[in-house]
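Visitor: This is what each chain is made of:
2 protein chains.
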Amino acid sequence: MNKANRGWVLESYPVGTDFESALKLRDIAMPEPGPGQMLVRSLYLSLDPANRGWMMMPTYIPQVPLGATMWGFVLGRVERSNLPGFAAGDLVSGFGAWADYCLMGADMTNKLPDLGGLPLYAAQSLFGLSGGTAYVGVVDIAKAKAGEVLVVSGAAGSVGSLVGQIAKIQGCTVIGIAGSPEKCTWLTDELGFDHAIDYRSEDVAARLKALCPKGVDIYFDNVGGPLTNAIASCMALRGRIVLCGSMAKFANPGPELDLGPILLNRVTVQGFILIDHFDRLDAANAALADWAASGKLKHKADIVDGLENTVAAFRMLFTPGAPHMGKLLVRVDPAAL
Amino acid sequence: MNKANRGWVLESYPVGTDFESALKLRDIAMPEPGPGQMLVRSLYLSLDPANRGWMMMPTYIPQVPLGATMWGFVLGRVERSNLPGFAAGDLVSGFGAWADYCLMGADMTNKLPDLGGLPLYAAQSLFGLSGGTAYVGVVDIAKAKAGEVLVVSGAAGSVGSLVGQIAKIQGCTVIGIAGSPEKCTWLTDELGFDHAIDYRSEDVAARLKALCPKGVDIYFDNVGGPLTNAIASCMALRGRIVLCGSMAKFANPGPELDLGPILLNRVTVQGFILIDHFDRLDAANAALADWAASGKLKHKADIVDGLENTVAAFRMLFTPGAPHMGKLLVRVDPAAL
Numbered sequence: 000m001n002k003a004n005r006g007w008v009l010e011s012y013p014v015g016t017d018f019e020s021a022l023k024l025r026d027i028a029m030p031e032p033g034p035g036q037m038l039v040r041s042l043y044l045s046l047d048p049a050n051r052g053w054m055m056m057p058t059y060i061p062q063v064p065l066g067a068t069m070w071g072f073v074l075g076r077v078e079r080s081n082l083p084g085f086a087a088g089d090l091v092s093g094f095g096a097w098a099d100y101c102l103m104g105a106d107m108t109n110k111l112p113d114l115g116g117l118p119l120y121a122a123q124s125l126f127g128l129s130g131g132t133a134y135v136g137v138v139d140i141a142k143a144k145a146g147e148v149l150v151v152s153g154a155a156g157s158v159g160s161l162v163g164q165i166a167k168i169q170g171c172t173v174i175g176i177a178g179s180p181e182k183c184t185w186l187t188d189e190l191g192f193d194h195a196i197d198y199r200s201e202d203v204a205a206r207l208k209a210l211c212p213k214g215v216d217i218y219f220d221n222v223g224g225p226l227t228n229a230i231a232s233c234m235a236l237r238g239r240i241v242l243c244g245s246m247a248k249f250a251n252p253g254p255e256l257d258l259g260p261i262l263l264n265r266v267t268v269q270g271f272i273l274i275d276h277f278d279r280l281d282a283a284n285a286a287l288a289d290w291a292a293s294g295k296l297k298h299k300a301d302i303v304d305g306l307e308n309t310v311a312a313f314r315m316l317f318t319p320g321a322p323h324m325g326k327l328l329v330r331v332d333p334a335a336l
Numbered sequence: 000m001n002k003a004n005r006g007w008v009l010e011s012y013p014v015g016t017d018f019e020s021a022l023k024l025r026d027i028a029m030p031e032p033g034p035g036q037m038l039v040r041s042l043y044l045s046l047d048p049a050n051r052g053w054m055m056m057p058t059y060i061p062q063v064p065l066g067a068t069m070w071g072f073v074l075g076r077v078e079r080s081n082l083p084g085f086a087a088g089d090l091v092s093g094f095g096a097w098a099d100y101c102l103m104g105a106d107m108t109n110k111l112p113d114l115g116g117l118p119l120y121a122a123q124s125l126f127g128l129s130g131g132t133a134y135v136g137v138v139d140i141a142k143a144k145a146g147e148v149l150v151v152s153g154a155a156g157s158v159g160s161l162v163g164q165i166a167k168i169q170g171c172t173v174i175g176i177a178g179s180p181e182k183c184t185w186l187t188d189e190l191g192f193d194h195a196i197d198y199r200s201e202d203v204a205a206r207l208k209a210l211c212p213k214g215v216d217i218y219f220d221n222v223g224g225p226l227t228n229a230i231a232s233c234m235a236l237r238g239r240i241v242l243c244g245s246m247a248k249f250a251n252p253g254p255e256l257d258l259g260p261i262l263l264n265r266v267t268v269q270g271f272i273l274i275d276h277f278d279r280l281d282a283a284n285a286a287l288a289d290w291a292a293s294g295k296l297k298h299k300a301d302i303v304d305g306l307e308n309t310v311a312a313f314r315m316l317f318t319p320g321a322p323h324m325g326k327l328l329v330r331v332d333p334a335a336l
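Going down the list, the protein sequences come from chains A and B.
Here numbering that gives the first Met the number 0 is used: the first residue of the first sequence is 0, the next is one more, and so on.
Here numbering that gives the first Met the number 0 is used: the first residue of the second sequence is 0, the next is one more, and so on.
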């Protein structure tokens, strides 16, 4: 195989959000799949806040080593497979790399579910990790019930936009927190959120106290940082906080949660990462497909064309007020779709 | 009835730990029980960190108003009763006041359980709120299991000393955090804790990492403040933090918990106050009585004589390194026992 391959190589650890200095697009060798691996042609790259964490420290996976082609979730087509159950031509979603071609193993790799006429990118904007996180987080972890008030931050993002809609389907009153008037309008007018709060121009705690004087039953936290404590001060008795993301922590390190109101209101704070719940993905995908087919659940992908634009797009995730909504994806090669 | 009555009147809200300026022992009127109330002769006052919170802000009860005789948990004997089910002469434990005589209603009032030959103060040092909090916290909230590592702060206190012993009975490895070498020695040599750490002279996080390299499964938090974050950084995957007390917060207001490790390790943080679990008190008292009878569970009361010494004793609770161990009680009138 003599095809060319390019990849984003992690040449230094990023300082702040200067990803351009740390990651360089290089011509790299075509990887050779070993036993239990496959070579995958990338179609879409999923850009996720978690990618930044992987560069900065050991998380639920080891820290990305310098010299590695940056790790990421990839939707692609199998070129060659040494992995039982997968064959050339299969469409797969899994843990790969920001490159034209990458290797995937069995861990966190799935064949695409039946997309039922939805566009290919729905495998990342509706199903898979974003939809799975939203579904399991709302249904299994928060156990959202009809009549409860659910607040979600990062509400215009890939997980948040689905969280709010799934909570509406469960019968909750839903309030989204986002970073621009355009995002807030999208949440209420397109996605059916009851209210939206622009955290960049409004006092979130004051608005929450006005909107839900009995308190917030569930806070689905996609961002961490100072917003978490502001919302935690508005919880109802025996409320639940689902910790799902912490992208705001990069700019606000250190302790952020005052435990006084947590104790007094007997609140539960639960760290949640989908990797503990992969056994629920089939149920999640089935429900998501039903809701999408009946028009109850909308999904949106914000698609950037070209592998060469990956890092500039990635930076948007950490730019307050950036215009992207829904799932941020890189279409690696339109000709390959 | 022409008996004299004295009570600690809250004349101003305390600044820091200057309780002496805020609370004054005064001759007060003998209260007259209304419908559903009884007049109780105080035998022992239970001194609890929660009393300070009640003075400073609304909690799960309203803030103590200025001019009130300070509220507190009291073990006493009924003098006159307008409360069905209670009669003069009954020994009761409940929500009363720091006074020779106080009123009690039905809320949070219990007749004493069968003390089985234990001294009267066991109703507060072993049974009741301290023992109930320890039992429900370890068994129902933390769900401590054999083989797990449980760390408890305020370990030489009324709740903490029982928490550690109950966790040992469940088969846990138990590490207590306390504020003097004497307290640490008591925990390991008398109560059977596996280890004790003096937070005033040792690096708690470093010791925990050495003692339990696989991490802390359960942190039973009786104090809040900076210690909470130090221990939270040592949690095992899917560990649990039971928030039960926050006395250290008075000296350390503001956010204390970094949610990064909570998310990454999928830790659960649970606010816990016994008032939600009074239906479990009978089961708690039965288990506590059995364990005490078989010698598996020790309880200790640190008894200060004289209503006039109440406030000086109360201050000990907030004095790091103060000598009291176990349950801090005021014996109001030895002649009345």
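There could be a bad hint or two in this list.
All copies of an identical chain are treated as equivalent in the list; a pair is satisfied when it fits inside any one copy or across any two copies.
Quick list of in silico lysine-lysine cross-link-like pairs, DSSO-like style, CA-CA up to 30 Å [stated by the list, open to error]:
id, residue 1, residue 2
1, Lys213, Lys23
2, Lys23, Lys142
3, Lys2, Lys142
4, Lys208, Lys248
5, Lys213, Lys248
These are calculated hints, taken from the structure and not from any lab test.
Visitor: Indicate, hint by hint, whether the structure satisfies it.
Guide: Hints, one by one, checked against the model:
1. Lys213 with Lys23: neither (51 Å within a copy, 37 Å between copies)
2. Lys23 with Lys142: Close neither inside one copy (43 Å) nor across copies (49 Å); limit 30 Å.
3. Lys2 with Lys142: Close neither inside one copy (49 Å) nor across copies (57 Å); limit 30 Å.
4. Lys208 with Lys248: both (24 Å within a copy, 24 Å between copies)
5. Lys213 with Lys248: Both: 29 Å inside a chain and 26 Å across chains, each within 30 Å.
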